[in-house]
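Q: Going down the list, the protein sequences come from chains A and B.
For the first sequence, counting from 1, position 185 maps to 185 in our numbering; every step adds exactly one.
Just remember that our numbering sits 1000 ahead of the position in the second sequence, which is counted from 1.
Treat each hint with caution, since some may be false.
Stated by the list, open to error - Ranges of calculated distance between the beta carbons of each label pair, as one might list FRET restraints: (1) B/His1093 - A/Glu159: 29 to 35 Å; (2) A/Thr179 - B/His1183: 39 to 45 Å; (3) B/Thr1155 - A/Trp381: 53 to 59 Å; (4) B/Pro1151 - A/Glu419: 22 to 28 Å; (5) A/Gly335 - B/Gln1207: 39 to 45 Å; (6) B/His1093 - A/Tyr65: 42 to 48 Å; (7) A/Thr179 - B/Glu1054: 53 to 59 Å; (8) A/Glu39 - B/Glu1054: 27 to 33 Å; (9) A/Tyr151 - B/Val1164: 24 to 30 Å.
Said to hold, decoys possible - Quick list of in silico lysine-lysine cross-link-like pairs, BS3-like style, CA-CA up to 27 Å: (10) A/Lys213 - A/Lys341; (11) B/Lys1080 - A/Lys341; (12) A/Lys296 - A/Lys32; (13) A/Lys114 - A/Lys209; (14) A/Lys349 - B/Lys1184; (15) A/Lys227 - A/Lys114.
Source of the hints: derived by calculation from the structure; they are not laboratory data.
Every residue gets a Cβ at the ideal spot worked out from N, C-alpha and C, and that includes glycine.
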Amino acid sequence: MTTAAKPLARRHAEEHEDLRQFIMHDPLPRGKMNAMAMESMHATSPIFWVVTAVLAAIVVFALGYEWYILIMKGQGTAGVTRPDYWGVFLVNTVFWIGISHAGTFISAILRVLKIESRRPFTRAAELMTTFGLVQAGLSIFMHLGRVWLVYWMFPIPNERQIWPDFHSPLMWDLMAITTYLLCSTMYLFLPLIPDLAMARDRTQGGWLKPFYKILALGFRGTEGEWKNLVTAMNIFAFAIIPVMFSVHTIVSWDFAMASRPGWSSTVFGPYFVIGALHSGMAAVAIVLFLLRSTMKYYDYFIRAEQFNTIGTLMLLVSMAWAYFYFNDYLVPWYGGDVWDKLVQEYTEKGSLAYLWYTMLIVNIAVPWATLWNKKWRETPWLLAIVGLLINVGMYLERYIIIPVGVTINRMPFTWRQYEPRIEIPMTIGTFALFLLLYMIASRIIPLIPVWEVQEGQEAHLIRKIGKAEISTLSEME
Amino acid sequence: MATELEMPGVKNQGIEEGPVGVWGMVIDQDLCTGCQACVAACSMENNVPIVGEEDANYGRYMHWIRIERLWESTEFPEVKMTSFQPMLCQQCHNAPCEPVCPVYASVHSVSEDLNLQVYNRCVGTRYCGNNCPYQVRAFNWWDYQDERIHPELVTLHNQMNPDVTVRRRGVMEKCTFCIQRIHKAEDKAKSEGREIEDGEFTTACAQACPASAITFGRLDDPESQINQLAEANPSRGFHALEEVRTLPRITYLRGGV
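Using the sequences and the hints given, assemble the complete structure.
A: Pasting the structure below:
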């Protein structure tokens, strides 16, 4: 028996091979990484323009023409009717606010908890918050019967001497969403400043140069500027977390405060927050998959570890959601209200029961069956499919709560099933607008927070202790 | 009670506040024949649009009052139906529709002590309709009275009641207890220097009811017809959905007892 001679140590090139799969241990020179981020913004294929044109056409048709019809003819063009005064427009509102939650959650909570694998995708998630809230706001406006008078809901002094009624949950909602939109936009902007400055320095003229110049606020990267920036970001990261939790709680109060069977429940607050995170996490997975597969060089920034982080969170949130959903059944069962029971029976056995079963399968069974496996979590396309299914499930969940739930009320004479009409093209329009905003943003701002990645890479070191190679992280602040 | 109005350009005149009368209704389900005369009379009196077969079938009928009847059991030979139940705004003392309106379009009036819908102030969030346990609020899904937009929907060409506002699209509306009649009677009584007597006027639905199942009158007068009716039938009287604690102002007298 012969024994082949083995080298005692691994060759230099193979060294750190295991750790190199993490972006933090695979550093590139600063200039090169900046150039990659810039080039990914400028490398535009014809397919991009085709997709943009199609999306823009959909937006113009659905949010321009169809909305014009809706406003000029009245809410009769929508499917809303007597027991279902609230329809798909409010489903969209809740759905998009849910999507917008993941951005802040990932960015703020993972930043506060110092989860290092968040670094490359915080910006992509934060953009989702802002763009999702735009869709949510538009959906509320679509829902109003006389949208041209929407300013009557704003607390501005007026000649009518009428102040909005702050008893109404809708007013709380308006305040909460506005606060969240302002906070999240500022929170998106703060970490963007160094990258805007980078883009400003690397842009030679063109219409974007003045844009970067103004928005970078003269950032030069001095010690004092960094210190201020880090302080501001810390304040915002901590302050925005309660705002995030309050927003969806208050959205849930629109329903929980109403005296309708199936809605009037104290568990709605936390249940809606978890539901929002469930759909939001899944949406981040989809967005990361799309970015990685369409943007140049993004397979360097977004790696298996990022998908692993998202996948783990998706599994965790799915379990929490299942618990709250179970709770949402337990409480009415314990309460024993006859109307609550009728609503539950209708969702489980009525003509739309297939929505309920689909929701349970894609929201609970699918993530639990797939995401336990690290190999599968690290497969981008698989995670994107699971994310898509979860989002379908969460949309169905809101659909079941709003139009399906209100079909059953205390007047059996009025029970009637809702069917969406003009809501369908307009819903597609909000999705198209969301994607369109994302595509435009991908050409204007770096979707990867380059400076954060670089900061992380500088903080990480591989040290050898004996024969073991371990990753170490030094505090930067 | 007089309050000073503080409005630019308006002289400070005192306005009278406080209830002039509390109005209520008794509906006897034993007498109701389900003939729908009240529905027709209410539509004529209050300019309620006629929405057409298709929309009405989809639940978009705008009637401020409707006659409800439900199956109790459909198994032959025990086929049984409930008594006819005219359902209209219950003018709750503790109305769920009021606090949810963000723009104060759904309000409680002080002088008539009724739930009012201020059409001009409504922006159409439809929260009130959602929150009404009786589902008696009607939303203007289309412009039913504007020939420029929906000529096919305009059905009430020359028979509008000039005392009642015409509502446009995107506005919630509901039964007002014929507030125009209340005001007319108030004005008359005031000019004659007296209080409104019970039975001096009545609502359109009560006036049209051939079986006299609907009685309208003063709740605050113990001698009034509705109070006497309710007292005479203590075992039959009930409020619709009493468990929701809306404190409705309409007493139903149970039928078939």
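Q: The structure should be examined with respect to each hint, and the outcome stated for every one.
A: Going through the hints against the structure:
no.	hint	result
1	B/His1093 - A/Glu159: 29 to 35 Å	holds, 32 Å
2	A/Thr179 - B/His1183: 39 to 45 Å	holds, 44 Å
3	B/Thr1155 - A/Trp381: 53 to 59 Å	holds, 58 Å
4	B/Pro1151 - A/Glu419: 22 to 28 Å	holds, 26 Å
5	A/Gly335 - B/Gln1207: 39 to 45 Å	holds, 44 Å
6	B/His1093 - A/Tyr65: 42 to 48 Å	holds, 47 Å
7	A/Thr179 - B/Glu1054: 53 to 59 Å	violated, 43 Å
8	A/Glu39 - B/Glu1054: 27 to 33 Å	violated, 58 Å
9	A/Tyr151 - B/Val1164: 24 to 30 Å	holds, 28 Å
10	A/Lys213 - A/Lys341	violated, 60 Å
11	B/Lys1080 - A/Lys341	holds, 24 Å
12	A/Lys296 - A/Lys32	holds, 14 Å
13	A/Lys114 - A/Lys209	violated, 34 Å
14	A/Lys349 - B/Lys1184	violated, 52 Å
15	A/Lys227 - A/Lys114	holds, 18 Å
Going through the hint list in order, the structure does not satisfy hints 7, 8, 10, 13, 14.
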